[in-house]
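Using the sequences and the accompanying hints, generate a full structural model.
So the protein lines, in turn, are chains D and U. At position 387 of the first sequence (counting the first as 1) the number is 387 in my numbering, and the numbers step up by one without a gap. At position 251 of the second sequence (counting the first as 1) the number is 251 in my numbering, and the numbers step up by one without a gap.
Quick caveat, the hints were computed from the structure, so don't treat them as lab data. Virtual Cβ for every residue (Gly too), placed ideally from N, Cα, C. Just so you know, not all the hints are guaranteed correct.
Said to hold, decoys possible - Selected chain D positions facing chain U (in silico; Cβ < 7 Å): (1) Ser80; (2) Gln81; (3) Ile84; (4) Met96; (5) Leu97; (6) Val98; (7) Leu109; (8) Gly110; (9) Glu112; (10) Pro115; (11) Leu116; (12) Leu117.
Unchecked claim - Simulated crosslink set (EDC-like; lysine to aspartate or glutamate; CA at most 16 Å straight-line): (13) U:Lys322 x D:Asp79; (14) D:Lys28 x D:Glu224; (15) D:Lys194 x D:Asp215; (16) D:Lys28 x D:Asp64; (17) U:Lys314 x D:Glu99; (18) D:Lys230 x D:Asp215; (19) D:Lys36 x D:Asp215; (20) U:Lys314 x D:Glu146; (21) D:Lys338 x D:Asp369.
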Amino acid sequence: MNAPTAASTPAIELVGIDKRFGPVHANKNINLSVAKGSIHGIIGENGAGKSTLMSILYGFYHADSGQILVDGKEIRITDSQTAIQAGIGMVHQHFMLVENFSVLENVMLGVEGGPLLKRGVAAVRAELGRIEREYGLEVDPDALIEDLPVGKQQRVEILKALYRGAEVLILDEPTGVLTPAEADHLFRMLAQLKAQGKTVILITHKLREIMAITDTVSVMRRGEMVATRKTSETTMAELAELMVGRRVLLRVEKDEAKPGPVILSVENLTVKDARGVTMVDNVSFQVRAGEIVGIAGVAGNGQSELLEAIAGIRKPASGRILLNGEPVERLDPAKLRKKGLAHVPEDRHHMGLVLAFEEYENAILGYQDDPKYLKGPFLDIDAIRKDAVARIEDYDIRPADPRLKTANFSGGNQQKIVLAREIERDPACLLVGQPTRGVDIGAIEFIHKRLVALRDQGKAILLVSVELDEIRSLSDRILVMFAGTIVGEPAPHAGEQEIGLMMAGIGREAAE
Amino acid sequence: MESLFADLIQIFAATVRLSVPLIFTALAGLYAERSGIFDIGLEGKMLFSAFSAASVATVTGSPWLGLFAAILTGVLLSLVHGFASITQRGNQIISGVAINFIASGLTILLGNAWFGQGGRTPQLANSARFTEITLPFAAEIAPIPFLGPLYSGLISGQNILVYLAFLAVPFTWWVLYRTRFGLRVRAVGENPGAVDTAGISVTWLRYRALICCGILAGFAGTYLSVAQSASFIREMSAGKGYIALAALVFAKWKPLNVLLTCLLFGFLDAASIRLQGTIIPGMGEVPVQLIQALPYILTVVLLAGFIGKAIPPKAGGVPYVKER
Chain D
1 MNAPTAASTP
11 AIELVGIDKR
21 FGPVHANKNI
31 NLSVAKGSIH
41 GIIGENGAGK
51 STLMSILYGF
61 YHADSGQILV
71 DGKEIRITDS
81 QTAIQAGIGM
91 VHQHFMLVEN
101 FSVLENVMLG
111 VEGGPLLKRG
121 VAAVRAELGR
131 IEREYGLEVD
141 PDALIEDLPV
151 GKQQRVEILK
161 ALYRGAEVLI
171 LDEPTGVLTP
181 AEADHLFRML
191 AQLKAQGKTV
201 ILITHKLREI
211 MAITDTVSVM
221 RRGEMVATRK
231 TSETTMAELA
241 ELMVGRRVLL
251 RVEKDEAKPG
261 PVILSVENLT
271 VKDARGVTMV
281 DNVSFQVRAG
291 EIVGIAGVAG
301 NGQSELLEAI
311 AGIRKPASGR
321 ILLNGEPVER
331 LDPAKLRKKG
341 LAHVPEDRHH
351 MGLVLAFEEY
361 ENAILGYQDD
371 PKYLKGPFLD
381 IDAIRKDAVA
391 RIEDYDIRPA
401 DPRLKTANFS
411 GGNQQKIVLA
421 REIERDPACL
431 LVGQPTRGVD
441 IGAIEFIHKR
451 LVALRDQGKA
461 ILLVSVELDE
471 IRSLSDRILV
481 MFAGTIVGEP
491 APHAGEQEIG
501 LMMAGIGREA
511 AE
Chain U
1 MESLFADLIQ
11 IFAATVRLSV
21 PLIFTALAGL
31 YAERSGIFDI
41 GLEGKMLFSA
51 FSAASVATVT
61 GSPWLGLFAA
71 ILTGVLLSLV
81 HGFASITQRG
91 NQIISGVAIN
101 FIASGLTILL
111 GNAWFGQGGR
121 TPQLANSARF
131 TEITLPFAAE
141 IAPIPFLGPL
151 YSGLISGQNI
161 LVYLAFLAVP
171 FTWWVLYRTR
181 FGLRVRAVGE
191 NPGAVDTAGI
201 SVTWLRYRAL
211 ICCGILAGFA
221 GTYLSVAQSA
231 SFIREMSAGK
241 GYIALAALVF
251 AKWKPLNVLL
261 TCLLFGFLDA
271 ASIRLQGTII
281 PGMGEVPVQL
291 IQALPYILTV
301 VLLAGFIGKA
311 IPPKAGGVPY
321 VKER
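Structural data, given as structure tokens:
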């Protein structure tokens with residue numbers, strides 16, 4: 001072990017890094033010091049600002065302010081070229097490979113060693129052989145990227161960085177696309193790199209990986225660096241709490257639930273993503289009329305895919321979904337709507353709204369075939385606008401203008417537009433994803449009250465949120481998801497810490 | 001037998017002449033599209049270049065200055081396309097169509113203002129054109145059967161631009177597969193993110209590819225007005241830019257395929273001219289329009305997946321924006 005001493009200069013030091021994307025404050029005054037020859041983990045939920053920070057270090061984005069020190073010297077990283085020259089390499093979450101190029105061509109791109117390729121090809125071939133032997137990273141240099149499994153593709157990305165002389169290697173969520181065996185192999189490679197004196201920065205939201213491989217861990221939350229710990233001196237529970245944080249939320253006034261008959265029933269549901277990775281693994285649960293079932297979990301543990309599968313956006317690989325006892329897993333979203341299943345998607349910009357539309361157009365999106373909005377084959381614009389105005393009043397949507405472009409509404413008001421559209425359809429079952437993400441406090445309270453009122457009307461509500469406080473204050477029953485499975489159902493008044501442990505997958509280990 | 005062979009030589013010679021503008025233009029499109037920029041404006045670039053070449057050759061009497069002007073025109077129009085589609089991240093098709101409209105209108109307007117012949121440029125003297133070059137021993141070899149007509153009637157007696165077009169094909173292949181620039185152009189058309197993270201400017205790389213495109217479009221235009229004919233005529237590109245684009249797709253964006261495809265399309269054109277008015281016993285007149293439509297039909301059949309698969313550069317048509 002080459003444990004870093006206090007006297008040695010850190011390989012990387014970030015001082016006061018600040019970055020905004022429009023209204024989003026992605027990095028707030030970040031300080032970070034990474035010891036030479038160590039594996040330094042950066043953990044945080046999706047959207048905590050980890051990737052942004054590393055992209056700044058790699059010159060992909062520019063920080064609004066702050067300094068970057070490499071080996072104690074301040075460096076102005078203006079683009080990836082300067083980062084590469086400073087000895088920084090990065091393996092992106094989405095591989096930056098040219099798929100119809102060979103491994104060799106991908107490695108030499110940008111470091112061709114002259115205007116003609118001939119000399120460079122020979123040099124790369126020789127050097128690749130050396131790196132492969134030294135680090136145990138075998139890969140056929142003439143294979144096409146598109147023919148390689150993802151694990152090998154990732155290896156090519158690491159080879160690219162090493163060929164460019166990287167001393168510091170950044171890996172952004174490297175195990176997201178890997179099978180457990182591939183991930184183990186990756187960790188052995190990283191340990192090997194560390195043994196050779198390289199510095200590794202590992203970005204992840206998986207606590208287990210942090211505990212397994214890092215020397216030091218820094219926790220990010222909502223754009224801030226909240227803590228740095230020696231891995232040997234911390235626990236998963238502490239890290240989970242630091243990641244999720246305690247958020248002050250207004251308590252929601254509600255009576256005991258009076259659950260009625262089962263409305264939504266999910267049986268042995270398995271969902272795979274486009275790459276064939278299992279995201280939801282044999283999940284079963286039920287939602288009854290008049291209750292809110294909350295699904296808690298650290299983002300990226302399959303909740304989004306579960307919600308999309310139930311909403312008919314993703315086709316499940318296997319399993320059944322019953323709505324009022326009727327199998328609906330083969331139906332598309334339009335047919336599901338007619339059967340009384342409404343859906344407030346997690347990402348309102350991407351799925352919930354067309355931002356370029358005027359407010360009243362979004363207010364009927366998905367329900368445009370409703371006879372009350374039609375006059376023969378044409379839309380009855382007057383009826384639609386009248387409806388929209390009533391909705392705007394009822395939900396206190398501001399500004400109260402149905403002709404305003406939706407992009408010009410604030411996040412909270414946009415969310416109210418979606419919510420009003422879905423709730424006012426009087427659904428039997430409502431799916432809600434991240435109802436208050438990017439929403440101001442006032443709107444949060446309003447949205448929570450509406451959801452509870454809907455429950456009290458006897459509707460079944462399935463809530464997915466990464467905000468633990470939101471789950472705890474709204475839900476009548478809580479299910480915790482981890483790595484695609486439901487790992488437990490904590491008691492309704494379980495403490496934050498107990499749920500937090502389950503979210504970190506520790507509850508399951510204890511049970512096993 | 002002798003006359004049939006002579007006929008064939010004639011058709012082949014016509015094929016070569018008709019395929020030259022297609023080769024230049026398709027190669028021009030190859031540079032642009034391999035870098036990820038769709039270029040439907042090839043037609044306009046060729047047309048405007050033809051006009052510039054003829055105008056400058058008329059005024060200066062030098063075909064070489066005409067060629068230079070045509071290249072300049074092609075490059076400038078490419079830069080306009082680049083500014084709209086790379087820098088401003090506009091729609092590449094719209095930008096290309098705009099260039100076609102501008103070329104179609106402005107050539108006639110300027111031609112009429114400068115030369116007053118209804119959009120035509122004055123007839124060029126042979127000294128202001130690229131004329132046929134007779135290769136050594138053409139006359140001596142001519143009497144030899146088969147080989148003679150082949151050499152003197154097909155290989156010899158073409159103008160310099162024809163030879164350049166056929167040289168441009170292996171040259172482009174060499175650039176694309178044997179140089180650093182080519183590697184990067186191929187990469188940026190597939191995954192600009194890979195190029196960007198390798199520390200190479202996506203913007204500058206794509207501009208350079210478009211400049212190559214403009215230069216070749218300039219050659220194509222010059223061939224039309226200063227080599228094949230002796231003046232600029234309004235709309236003289238007559239859809240060749242689109243046929244070249246079809247040829248590029250048919251060739252699956254590969255330089256050597258481009259040569260073969262352009263020769264095939266040129267041959268169809270030559271055959272349709274040759275067969276005009278010919279009566280086939282029992283069938284009536286040869287449907288010339290059908291032969292002229294064949295390049296498009298073949299391309300559509302190819303795109304529909306009947307002849308292998310044409311996979312365009314993956315990042316084609318998409319302006320590069322870093323995530324977020």
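Tested hints:
Interface restraint check for D:Ser80: the shortest CB-CB distance to chain U comes to about 4 Å, inside 7 Å, so the restraint holds. A distance limit of 7 Å between C-beta atoms decides the matter here; for D:Gln81 the minimum to chain U is near 3 Å, and the interface restraint holds. Interface restraint check for D:Ile84: the shortest CB-CB distance to chain U comes to about 5 Å, inside 7 Å, so the restraint holds. Contact between D:Met96 and chain U, as hinted, is supported at the beta carbon level, the nearest pair being about 4 Å apart and thus within 7 Å.
Satisfaction of the interface hint for D:Leu97 is found here, the shortest Cβ-Cβ separation to chain U being roughly 6 Å, below the 7 Å cut-off. A distance limit of 7 Å between C-beta atoms decides the matter here; for D:Val98 the minimum to chain U is near 5 Å, and the interface restraint holds. For D:Leu109, the interface hint holds, the least distance from its beta-carbon to any beta-carbon of chain U being 5 Å, beneath 7 Å. This hint holds: D:Gly110 has a C-beta 3 Å from the nearest C-beta of chain U, less than the 7 Å allowed.
Of the supplied interface hints, the one on D:Glu112 holds, with its beta-carbon coming within about 4 Å of a beta-carbon of chain U, less than 7 Å. At about 5 Å, the closest approach between the beta carbon of D:Pro115 and any beta carbon in chain U falls short of 7 Å, and the interface hint on this residue holds. Below 7 Å, beta-carbon pairs count as interface contacts, and D:Leu116 has one with chain U at about 6 Å; its hint therefore holds. For D:Leu117, the interface hint holds, since its Cβ comes within 7 Å of a Cβ in chain U; the closest pair sits about 6 Å apart.
Restraint check for U:Lys322 and D:Asp79: the C-alpha separation of about 12 Å stays at or below 16 Å, so the hint holds. At most 16 Å may separate the alpha-carbon atoms for a hinted pair to count; D:Lys28 and D:Glu224 meet this at roughly 5 Å. Taking the CA atoms of D:Lys194 and D:Asp215, the gap is about 11 Å. The hint holds against a cut of 16 Å. A C-alpha spacing of about 10 Å is found between D:Lys28 and D:Asp64, which places the hinted pair at or below 16 Å, so the restraint holds.
Using a Cα cut-off of 16 Å, the hinted pair U:Lys314 and D:Glu99 holds, with the two alpha carbons roughly 9 Å apart. Using a Cα cut-off of 16 Å, the hinted pair D:Lys230 and D:Asp215 holds, with the two alpha carbons roughly 6 Å apart. Between D:Lys36 and D:Asp215 the alpha-carbon distance is near 11 Å, which keeps this suggested pair within the 16 Å criterion. For the hint pairing U:Lys314 with D:Glu146, the CA-to-CA distance comes to about 13 Å; that is within 16 Å, so the pair holds.
Distance hint between D:Lys338 and D:Asp369 is fulfilled; the C-alpha atoms sit about 10 Å from each other, no more than 16 Å.
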